[in-house]
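K.L.:
Next come the chains, spelled out residue by residue.
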Amino acid sequence: MVHSKQEIEGAVEKSKEVVREAFSKFAVEDMAITWTGGKDSGLALWLIRQVCQEDGQQLPRVMTIDEFDTFNEIHSFMEKYSEEWGFDLDWRRNDDVIQAAGEELNAKVLVEDLNDRNKAELKRIEYDLDAFPFEAESYVGNHLMKTVVFNTYLEEKAVKAVFQGLRRDEQAARIQDTYFEHKEAAHLIPDHIRIKPILHFTERLLWDTYELYGIPYCVLYEQGYRSLGAKTTSAIGETGVPAWEQDLENTEERAGRRQDKEKMMERLRQLGYM
Amino acid sequence: MRNVILLTLDATRKDAFGYCGSSKGLTPTFDDLASSSLVFTKAHTTGPYTQASFPGLLTSSHYLDFGVPKGLSPKRTLVSEPLRNAGIVTAAFHSNPYLCGYLGWNRGWDTFYDSMNDDVEPRIPYVRGDQVNRKAIEWLTAHHRERAGKPFFMWLHYMDVHEPYMPERRWIDLVDPSIEISQDEMYTLFTDVLLKRDVSIAENIMLLRKLYDIHVREVDAYFSELMDCLDKLALLAETTIIVTNDHGDEFTEHGGLSHDDKMYSELIDAPLLIYGAGEAGTCEEVVSNADIAPTIIDLFSLPAVDAFQGQNLLAPTRESIESGAFGEAIDQRSEKGGDPARDIYFYREGDLKIIHRPEPESWELYNLATDPREIDNIVSSSPEAERMKGRILPRVRRWQAN
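Line order of the protein sequences matches chains A and B. Residues in the first sequence are numbered from 1 upward in steps of one, following our numbering. Residues in the second sequence are numbered from 1001 upward in steps of one, following our numbering.
Derived from the structure by calculation, the hints contain no laboratory data. Please read all numbers here as calculations on a predicted model, not as lab measurements. Where a beta carbon is used, it is the ideal one built from N, C-alpha and C, also for glycine. Take these hints with a grain of salt, some might be off.
Not close to chain B: a few residues of chain A, all C-beta gaps over 10 Å, as computed [as the list claims (entries may be wrong)]:
1) Glu79
2) Leu154
3) Glu181
4) Tyr210
The calculated lysine to any residue pairs, modelled on SDA-like cross-linking and capped at a C-alpha distance of 25 Å, are [as the list claims (entries may be wrong)]:
5) A:Lys183 to B:Arg1333
6) B:Lys1075 to A:His187
7) B:Lys1070 to B:Glu1081
8) B:Lys1070 to A:Asp130
9) B:Lys1196 to A:Met265
10) B:Lys1196 to A:Leu271
11) A:Lys5 to A:Leu248
12) A:Lys123 to A:Leu154
13) B:Lys1196 to A:Asp177
14) B:Lys1196 to A:Phe180
Here chain A stands alone, though its shape is the one from the complex (with noise of 0.2 Å):
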């Protein structure tokens, strides 16, 4: 471990900090965990899972979203650990636009078979050609497969706070960020705070904290994996290498992960877009 006990004891302690002051400002049916399977949201999920143990509260739901392209191995993961800590997982994922690519990545999928929802999507994000590939990480495929089956969740389960397992040092664009972010409502996008308890995390002291408490991971991640995104846009690190024990500092977290949406994102976000 790169970090000293004392300083691991310190970070989860911030983060259980806020947990609290969320439990404190929000009912727990008001509430919501986003979990992918990843090793960020799996440290939150974890954390929040302490602070209900030892405040005797309920954990709040918890939802995923099968982007579709997804790993076998995140996916085991998470049905294991939901059955051993005891919460039922909310599988989430756009049937809709599964059903028009045919259940096939890279397909072809007409504007004109999406149902109504889908289409008005669509027209938010401007995007008025007739057809788009399948694909869960494009422009049109992020949109469709993470962000409006989130907004749907939140809208229907009337989720006032989301947990989200986001750090600061992903990115520089988050620098700026705060443990809790309000999202104004707009068109199809319900009114709601992120929770962010693990902002103050770097990649080195969230697995510090893994090794400290045992804080159970997805196998991928002994494979070289050091950050999950969809399935065929992740690719490993160093082979066979653990992802705690890779160069962390000098090297990049996401060079494994297609970068063009996340590098465009975070540099208009420099330039004063959003």
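Since the structure of chain A is already known, use the hints to place chain B on it.
P.N.:
Below, chain B without anything else, positioned relative to chain A:
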């Protein structure tokens, strides 16, 4: 058939160029080129920031023609598309995230470099011009080696003048070695003064302008490197070069900083020049960056593109150029990140420029010949006011009906 290079400079004010009147000596290479080019003295961008201006530059259409999508509307035609269809080799090299492939600007290019897979320095959201040059020069060299004689259209865009105004020491030393400022201090100036549009301390503004000017000198050096390459490959004699900006930057001329939704000269005047086509000299007609794409099409002797709204700047007779330039934008700094209900327009004809905001309603009319700084609003006294309003109102109605 000749080659065409379009070089666009982000956020670079027209009055920073020597050939447009600056006495600061920041642009020796551009000034040299201008002396044997056709210089347009009354050219305008189609908007005060990249998203409003590039539809004009590369698609010869206006910002609000097709809503304000994040990406390039499929309804627009990029100049690269008809060129590539006609067998012209097309290549783009830039580092502006607003114009990246992800947002649809990669249509029609045989080669499209947008730098999105390359790393940037943490505080500067784009790769520098030397990197853009490296890619462009590699490409030019390979093209020359493998396809010599096959006509190409290349678009290059340098971001470097765009904030955060953090020039490297070597450029500071080139312009004014007496400036003592660290990268951290420059960044603080950016976050605390420029981003906050805090115009209260004159020294800060002067320093920002100084840093800005240093970047202008830097970009001239990048351009010089490109010219050297063209010279070395013996391409200069067979290449038309078009230079312009996408917008300028404000240094409190109208109360602000950077480039917001305003339509004054410091933001929408363009240093447009065309080298290597037609005779050198000046053109005094009011023209627009939206005229560039049709001009490129004509340079390759291709039939006019219906979707293009601009005109050929190299029309056989100068008199046949229709004078007038139009631009439009929305408020980009609202909390929601772009408020389509806060639109702004300008139209210029001759020396008269009218600026209009529908909400809250305002009209400004300036005579640029007598009032180049746009201080004396003559909308209530000018007999031309109603006619000028009439040129803008159809655009406003079209947007409001949208």
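K.L.:
With reference to the structure, classify each hint as holding or not holding.
P.N.:
Quick rundown of the hints versus the structure:
Every CB of chain B lies more than 10 Å from the CB of A:Glu79, the least distance being 34 Å, so the non-interface label holds. For A:Leu154, the condition that its CB be more than 10 Å from all CB atoms of chain B holds, with the nearest at approximately 18 Å. The beta carbon of A:Glu181 is kept farther than 10 Å from every beta carbon of chain B, the shortest such distance being approximately 13 Å. At roughly 26 Å, the least C-beta separation between A:Tyr210 and chain B is larger than 10 Å, which holds for a residue marked as non-interface.
At most 25 Å may separate the alpha-carbon atoms for a hinted pair to count; A:Lys183 and B:Arg1333 meet this at roughly 17 Å. For the hint pairing B:Lys1075 with A:His187, the CA-to-CA distance comes to about 23 Å; that is within 25 Å, so the pair holds. At most 25 Å may separate the alpha-carbon atoms for a hinted pair to count; B:Lys1070 and B:Glu1081 meet this at roughly 20 Å. Proposed proximity of B:Lys1070 and A:Asp130 is supported: the alpha carbons are some 18 Å apart, at most 25 Å.
Between B:Lys1196 and A:Met265 the alpha-carbon distance is near 21 Å, which keeps this suggested pair within the 25 Å criterion. Proximity of B:Lys1196 to A:Leu271 is assessed by CA-CA distance (about 13 Å); at most 25 Å being required, the pair is judged to hold. Taking the CA atoms of A:Lys5 and A:Leu248, the gap is near 19 Å; set against the 25 Å cutoff, the hint holds. Taking the CA atoms of A:Lys123 and A:Leu154, the gap is about 20 Å. The hint holds against a cut of 25 Å.
A C-alpha spacing of about 18 Å is found between B:Lys1196 and A:Asp177, which places the hinted pair at or below 25 Å, so the restraint holds. For the hint linking B:Lys1196 to A:Phe180, the alpha-carbon distance of about 23 Å falls within 25 Å, and the restraint holds.
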